[in-house]
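There are 4 protein chains.
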Amino acid sequence: MRRIILVEAPDAVGLVYKTTGVFFDLALNIVSTDEFVEPKEKRFFMRAEVVGEADNQTLTDLLKQRLPEEAVVRVETKRPKNIVIMATKESHCLGDLLIRHYAGELNANILGVIANHETLRPLVEKFEIPFTCVPHEGLSRLDHEALVRKEIDPYEPEYIVLAKYMRVLSPEFVAAYPRRLVNIHHSFLPAFIGANPYRQAWQRGVKVIGATSHLVTDDLDAGPIIAQQVLPVTHSHSARDMAMAGRDVEKITLATALKLVFEDRVMVHKNRTIIFE
Amino acid sequence: MRRIILVEAPDAVGLVYKTTGVFFDLALNIVSTDEFVEPKEKRFFMRAEVVGEADNQTLTDLLKQRLPEEAVVRVETKRPKNIVIMATKESHCLGDLLIRHYAGELNANILGVIANHETLRPLVEKFEIPFTCVPHEGLSRLDHEALVRKEIDPYEPEYIVLAKYMRVLSPEFVAAYPRRLVNIHHSFLPAFIGANPYRQAWQRGVKVIGATSHLVTDDLDAGPIIAQQVLPVTHSHSARDMAMAGRDVEKITLATALKLVFEDRVMVHKNRTIIFE
Amino acid sequence: MRRIILVEAPDAVGLVYKTTGVFFDLALNIVSTDEFVEPKEKRFFMRAEVVGEADNQTLTDLLKQRLPEEAVVRVETKRPKNIVIMATKESHCLGDLLIRHYAGELNANILGVIANHETLRPLVEKFEIPFTCVPHEGLSRLDHEALVRKEIDPYEPEYIVLAKYMRVLSPEFVAAYPRRLVNIHHSFLPAFIGANPYRQAWQRGVKVIGATSHLVTDDLDAGPIIAQQVLPVTHSHSARDMAMAGRDVEKITLATALKLVFEDRVMVHKNRTIIFE
Amino acid sequence: MRRIILVEAPDAVGLVYKTTGVFFDLALNIVSTDEFVEPKEKRFFMRAEVVGEADNQTLTDLLKQRLPEEAVVRVETKRPKNIVIMATKESHCLGDLLIRHYAGELNANILGVIANHETLRPLVEKFEIPFTCVPHEGLSRLDHEALVRKEIDPYEPEYIVLAKYMRVLSPEFVAAYPRRLVNIHHSFLPAFIGANPYRQAWQRGVKVIGATSHLVTDDLDAGPIIAQQVLPVTHSHSARDMAMAGRDVEKITLATALKLVFEDRVMVHKNRTIIFE
Numbered sequence: 001m002r003r004i005i006l007v008e009a010p011d012a013v014g015l016v017y018k019t020t021g022v023f024f025d026l027a028l029n030i031v032s033t034d035e036f037v038e039p040k041e042k043r044f045f046m047r048a049e050v051v052g053e054a055d056n057q058t059l060t061d062l063l064k065q066r067l068p069e070e071a072v073v074r075v076e077t078k079r080p081k082n083i084v085i086m087a088t089k090e091s092h093c094l095g096d097l098l099i100r101h102y103a104g105e106l107n108a109n110i111l112g113v114i115a116n117h118e119t120l121r122p123l124v125e126k127f128e129i130p131f132t133c134v135p136h137e138g139l140s141r142l143d144h145e146a147l148v149r150k151e152i153d154p155y156e157p158e159y160i161v162l163a164k165y166m167r168v169l170s171p172e173f174v175a176a177y178p179r180r181l182v183n184i185h186h187s188f189l190p191a192f193i194g195a196n197p198y199r200q201a202w203q204r205g206v207k208v209i210g211a212t213s214h215l216v217t218d219d220l221d222a223g224p225i226i227a228q229q230v231l232p233v234t235h236s237h238s239a240r241d242m243a244m245a246g247r248d249v250e251k252i253t254l255a256t257a258l259k260l261v262f263e264d265r266v267m268v269h270k271n272r273t274i275i276f277e
Numbered sequence: 001m002r003r004i005i006l007v008e009a010p011d012a013v014g015l016v017y018k019t020t021g022v023f024f025d026l027a028l029n030i031v032s033t034d035e036f037v038e039p040k041e042k043r044f045f046m047r048a049e050v051v052g053e054a055d056n057q058t059l060t061d062l063l064k065q066r067l068p069e070e071a072v073v074r075v076e077t078k079r080p081k082n083i084v085i086m087a088t089k090e091s092h093c094l095g096d097l098l099i100r101h102y103a104g105e106l107n108a109n110i111l112g113v114i115a116n117h118e119t120l121r122p123l124v125e126k127f128e129i130p131f132t133c134v135p136h137e138g139l140s141r142l143d144h145e146a147l148v149r150k151e152i153d154p155y156e157p158e159y160i161v162l163a164k165y166m167r168v169l170s171p172e173f174v175a176a177y178p179r180r181l182v183n184i185h186h187s188f189l190p191a192f193i194g195a196n197p198y199r200q201a202w203q204r205g206v207k208v209i210g211a212t213s214h215l216v217t218d219d220l221d222a223g224p225i226i227a228q229q230v231l232p233v234t235h236s237h238s239a240r241d242m243a244m245a246g247r248d249v250e251k252i253t254l255a256t257a258l259k260l261v262f263e264d265r266v267m268v269h270k271n272r273t274i275i276f277e
Numbered sequence: 001m002r003r004i005i006l007v008e009a010p011d012a013v014g015l016v017y018k019t020t021g022v023f024f025d026l027a028l029n030i031v032s033t034d035e036f037v038e039p040k041e042k043r044f045f046m047r048a049e050v051v052g053e054a055d056n057q058t059l060t061d062l063l064k065q066r067l068p069e070e071a072v073v074r075v076e077t078k079r080p081k082n083i084v085i086m087a088t089k090e091s092h093c094l095g096d097l098l099i100r101h102y103a104g105e106l107n108a109n110i111l112g113v114i115a116n117h118e119t120l121r122p123l124v125e126k127f128e129i130p131f132t133c134v135p136h137e138g139l140s141r142l143d144h145e146a147l148v149r150k151e152i153d154p155y156e157p158e159y160i161v162l163a164k165y166m167r168v169l170s171p172e173f174v175a176a177y178p179r180r181l182v183n184i185h186h187s188f189l190p191a192f193i194g195a196n197p198y199r200q201a202w203q204r205g206v207k208v209i210g211a212t213s214h215l216v217t218d219d220l221d222a223g224p225i226i227a228q229q230v231l232p233v234t235h236s237h238s239a240r241d242m243a244m245a246g247r248d249v250e251k252i253t254l255a256t257a258l259k260l261v262f263e264d265r266v267m268v269h270k271n272r273t274i275i276f277e
Numbered sequence: 001m002r003r004i005i006l007v008e009a010p011d012a013v014g015l016v017y018k019t020t021g022v023f024f025d026l027a028l029n030i031v032s033t034d035e036f037v038e039p040k041e042k043r044f045f046m047r048a049e050v051v052g053e054a055d056n057q058t059l060t061d062l063l064k065q066r067l068p069e070e071a072v073v074r075v076e077t078k079r080p081k082n083i084v085i086m087a088t089k090e091s092h093c094l095g096d097l098l099i100r101h102y103a104g105e106l107n108a109n110i111l112g113v114i115a116n117h118e119t120l121r122p123l124v125e126k127f128e129i130p131f132t133c134v135p136h137e138g139l140s141r142l143d144h145e146a147l148v149r150k151e152i153d154p155y156e157p158e159y160i161v162l163a164k165y166m167r168v169l170s171p172e173f174v175a176a177y178p179r180r181l182v183n184i185h186h187s188f189l190p191a192f193i194g195a196n197p198y199r200q201a202w203q204r205g206v207k208v209i210g211a212t213s214h215l216v217t218d219d220l221d222a223g224p225i226i227a228q229q230v231l232p233v234t235h236s237h238s239a240r241d242m243a244m245a246g247r248d249v250e251k252i253t254l255a256t257a258l259k260l261v262f263e264d265r266v267m268v269h270k271n272r273t274i275i276f277e
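Chains as they are written, first to last, in UniProt numbering: chain A, 1 to 277; chain B, 1 to 277; chain C, 1 to 277; chain D, 1 to 277.
Next up, chain A with everything else stripped away, as it sits in the complex (with noise of 0.2 angstroms):
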């Protein structure tokens, strides 16, 4: 069995050896560690990757046992996890996590997509994954965003991911799936913060354009960015022929950063990622 430990802690001396040291008393062999000190304020950050027969209680113990009191231990086994999709209109991320999901290379189970108009249900559905639209028309964002809740919260999904949703989501939705809600944005942040982003570059005559993947906080685009991606444009791109071209680094992008989500290879530290890739 393979597992993933994650160690967080104040730095102090000793800490990789203390917890390779559990490691070498349950005889788990290590596939990969990597660790990152904050310099700043010597925050210690730590991955591993093990392979071995104990179980997750006892590991877990062990580790809590041995490394300092504030020290945060997470254990995880590696499988896939279980994802729910917003979506708006837009097909290309939405299409291309499909894809990636038919072909077993997505390290999730998509349980169903929840959108906020009929667009996408067609495409969907081909999949025969379950398809929700929640219209928004003619509701406050927080009575919209209850009923997009009593949607996803029977899957209990560990990760939501927002393909190309177009609302801005309320604190109050941010707060109920804190480090769970995978965004996209359609610019390289923090250039170009909300909306028209590709309309905005056009304007200021940029000669690259990009796309940023972030865990969704209360501060609009400004959550800590796991994957960045850019791709060059002329002054011969209008605005929507930006939009064209953004749309495969969009994708990638969100893809890029969904693998290292589901991996369990991000870790957070205020508003900056730690990516042990």
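Check each hint, because a few of them may be wrong.
Because identical chains share one entry, a pair is satisfied inside a single copy or across any pair of copies.
[Said to hold, decoys possible] Below, in silico cross-link-like pairs of lysine-lysine (DSSO-like), each with a Cα-Cα straight-line distance of 30 angstroms or less:
#1 126 / 42
#2 259 / 78
#3 89 / 64
#4 40 / 89
#5 150 / 40
#6 126 / 64
#7 89 / 78
#8 42 / 89
#9 64 / 40
#10 126 / 89
#11 150 / 42
#12 259 / 89
The hints are simulated quantities; they were obtained by calculation from the structure and are not laboratory data.
For chain A, the structure is supplied; the task is to place chains B, C and D on it using the hints.
Relative to chain A, chains B, C and D alone:
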């Protein structure tokens, strides 16, 4: 003799036909032509490189005669531009330009280097290029700039290259050299305008940093962008590491932009560049 | 109506002038033009997009009349191309094309998919596109290809896209569809020609892998290259990891090449492409 | 004091634990550690950076004592390496290294430059670095190399950097400096091995060119690769244009590789590098 012809005009049927008709009549052979029509305002831009014997005046006159009255026509003989470089203390961009100049690859004559510190004097003088230090201590911005201009103007440079010149320029200074000031900014604008962009980038936790070369206008870091390049970074890059890594992107981006400018490949429409590569 | 005009000829003074003269006389407005003169053999290539009412025949006739006799002229109405896709078992390239087609972004009509295995049938049939399996077991290459051609030809496709079709094609097959076969090869050619390029890449210890989309000629993996993209890898990538990571580059590179082909932006001179973007 | 510890051994349970146990016992604080297990041959590689007071000998002895007998242990104090540069006529790589050295950014002391032509003498001597020309005219390869080695060896360099040294080295020469010769080759190997890679690239019509920095072995251009970078090109690039454009990639790739080598981040297993960034 090789010449570059730049034409800008309100779009109309026959502009390419009329322009190339002049070349045909003067037996000028086209090496390359590029056109672009700005679709919003229907504005036509064209760059042609031609080889042949006709003189510049005849060529210009014929083009003005046949093209619509509103057309702006520029005829340039292909040759190295005369430039002055401004710098502060950092050597990576300036050093890169000095090496290219030394190897005959800059497509420009560096007439002199002007800095507000003495730091770079030994480097510049190795290459037998005049170095002038105009310290800014104890001077108002305008008084300092007046002294700088006194040093620049006798050189009669066609372009002034800001190779990590770390002082903000006044609108008066900018107005004195319209579309002739080329700057390198150490972020992929419009992200991280202003001071200390690498610290800003670190704080935001971006996964991509970059550099932007642009023409300078009154508005800080908001001038028409010529070239942008990026570089991936990780959580393990401190702001200082980003600055170190960013140096290579800065120097290459500046050199790329200068190549385009010195070969008359950059046209400007409002705040956007048209680049004919 | 929007039309694309492609001209190829021995270089001579006045070719652009004469071509755009025809547009002028027919009151066709130029949306864009691009020219290239191959400097070794002085061969002229031009692509123009024009808008206006004249019919294709008149346009073609006038161009042939005014241009030198040796000129090759092609006039295309801008419209989706009719294509057939060939595949084997892998779904990433095919799936990506199916999603683009579904979203109306492929600029082509997929008339059918032909594979040498049944694996991909369920995926293709989700999208209501005819799927034909032509198994190759027990057949000689030529016999198998004869059966494949019987399936292809009734569709009368303009292009045949090899979306990870994993069998080598005979010169006879290639000759039947000159410049109409577009392939994706999973390496940055000419590195790692032939079978198992990711294993070859792993063995060589490269730090960059890539994909190449090219027109198919008799010579295995040696046809004119349309598009290439790359991806950094590290020592920690096994050959299998490279193959996984490479899928995204493969599908994006193929889609990029097809966009160029379907918009008539690819001209061929000997074994090299001229791409008018 | 900051030290770098490199460990290589047949994989076994407890290697990280035992290594970090030594650090713990000597009160050395880990700044970073990286491990890799080559999965085919189960070979373990580790790099650690530690801070603390223990002396190198004690550290080395303890590691050897506790790790399996077959383990290879290397302890390095973090400090600039002593190097000699070899070149021919081209200035872009050498000039870039001279500027970095001048700015204190190379992490190495350039003890001298040896070339087979006089061309680069003025450039090198500007920086007050000894330049020696060892002309090869009229000499056999081995005789010439014997003279070169007579110039190199008194410097006792840790690494020899081939900054566009355009002569093939004999196996004897290579054997004299095992894993200490770093070369820059002007193609993304293994494409375009040998002479005139840009011409080869032009002939093949590639859309991407690149550069490769590698350790030199007997086999021409086949040594372990340290770094590779690429650059898009188009049909309009002649072989000469590619060579011009390629210079920037060459110099940046070489500098990138040298940074890794000089910080003891490169381990070698057979013909592949393990790079701990």
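How the hints compare with the structure:
{"no.": "1", "hint": "126 / 42", "verdict": "neither (50 angstroms within a copy, 44 angstroms between copies)"}
{"no.": "2", "hint": "259 / 78", "verdict": "within (13 angstroms within a copy, 36 angstroms between copies)"}
{"no.": "3", "hint": "89 / 64", "verdict": "neither (46 angstroms within a copy, 47 angstroms between copies)"}
{"no.": "4", "hint": "40 / 89", "verdict": "between (43 angstroms within a copy, 27 angstroms between copies)"}
{"no.": "5", "hint": "150 / 40", "verdict": "neither (42 angstroms within a copy, 46 angstroms between copies)"}
{"no.": "6", "hint": "126 / 64", "verdict": "neither (47 angstroms within a copy, 50 angstroms between copies)"}
{"no.": "7", "hint": "89 / 78", "verdict": "between (33 angstroms within a copy, 27 angstroms between copies)"}
{"no.": "8", "hint": "42 / 89", "verdict": "neither (45 angstroms within a copy, 32 angstroms between copies)"}
{"no.": "9", "hint": "64 / 40", "verdict": "within (25 angstroms within a copy, 34 angstroms between copies)"}
{"no.": "10", "hint": "126 / 89", "verdict": "both (16 angstroms within a copy, 20 angstroms between copies)"}
{"no.": "11", "hint": "150 / 42", "verdict": "neither (41 angstroms within a copy, 50 angstroms between copies)"}
{"no.": "12", "hint": "259 / 89", "verdict": "both (23 angstroms within a copy, 23 angstroms between copies)"}
Of the hints listed earlier, those the structure fails to meet are numbers 1, 3, 5, 6, 8 and 11, in rising order.
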